[in-house]
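Novice: Sequence:
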Amino acid sequence: MDAETVNTGKANKKQPNRQKNDAQSADGTQNQPDGTQNQSDATQNEEATLAGRDFFRTLQSFYECAMSTVSRISQRTDLTFTQLQIMNHINYRGLALQKEMRKQFHLTQGALSTALKDLEKRELIMRTQSPVDQREWVIALSPQGEKLLGEIGQPLYNQLQKLAEAHPQQVGQLIDSVEWFTETFSLEEV
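Going by the UniProt record's numbering, 131 is the number at position 131 of the sequence shown; the sequence numbering is gapless.
Among the hints, erroneous ones may be present.
Distance condition first, Cα-Cα at most 16 Å in a straight line; then the derived EDC-like pairs of lysine to aspartate or glutamate [said to hold, decoys possible]:
no. : residue 1 : residue 2
1   : Lys103    : Glu136
2   : Lys147    : Asp176
3   : Lys117    : Glu136
4   : Lys121    : Asp78
5   : Lys147    : Glu165
6   : Lys99     : Glu136
7   : Lys99     : Asp133
Simulated from the structure, these hints should not be mistaken for lab results.
Since we're looking at a predicted model, the values are computed, not measured.
From just these sequences and the hints, can you work out the full model?
Specialist: So this is what it looks like as structure tokens:
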């Protein structure tokens with residue numbers, strides 16, 4: 001007897017002592033009289049799981065594309081990848097707190113301090129003590145830092161501009177989608 005015959009035989013046997021009602025299972029899905037889960041519920045659950053995985057894969061692909069781009073840009077300078085990320089973060093925020101950047105980049109206090117001191121020594125950032133908390137530092141880009149980011153980012157800005165001009169509808173949809181996602185998704189829910 002082969003495996004297919006055994007499996008087919010098991011599937012055709014009637015299960016004794018099964019109640020013939022549409023009781024709900026522990027996970028809230030409907031059971032059929034034969035004890036199987038409602039096919040549409042199972043299909044919906046599977047489709048939702050697959051959609052979630054596809055969504056995550058798309059986000060991962062987008063993230064990897066962005067990080068690869070930042071990495072290529074950092075290779076045009078003598079900045080490290082982390083230093084360039086820090087400068088982009090400060091540029092995006094306008095001002096940044098050292099404590100928040102430690103969390104954002106998952107760096108130790110020592111590693112972040114070293115990166116910031118190097119950027120400050122090159123006069124790419126400015127650090128001042130927070131007027132609210134003397135233990136905290138507020139970091140801003142210096143005019144030289146802003147200029148450097150503009151220069152090394154210009155090829156990327158040009159490429160993105162061409163893409164936006166060639167595909168304005170898709171770029172608009174992407175912007176709307178990313179804005180929606182960042183406004184509605186909360187890391188605490190993960």
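Novice: Compare the structure with each hint and give your call.
Specialist: Hints, one by one, checked against the model:
Annotation: proposed proximity of Lys103 to Glu136 holds, straight-line Cα distance about 14 Å (limit 16 Å). The suggested pairing of Lys147 with Asp176 is violated, with an alpha-carbon distance near 29 Å, which exceeds 16 Å. Straight-line distance between C-alpha atoms of Lys117 and Glu136 comes to about 15 Å, which keeps the hinted pair within the 16 Å bound. Proximity of Lys121 to Asp78 is assessed by CA-CA distance (about 14 Å); at most 16 Å being required, the pair is judged to hold.
For the suggested pair Lys147 and Glu165, the alpha carbons sit about 25 Å apart, so the restraint of at most 16 Å is broken. For a cut-off of 16 Å, the pair hint linking Lys99 to Glu136 stands: about 7 Å separates their Cα positions. Pair hint Lys99 plus Asp133 holds up; C-alpha atoms about 11 Å apart against a cutoff of 16 Å.
The structure fails to meet hints 2 and 5 from the earlier list, while all remaining hints are met.
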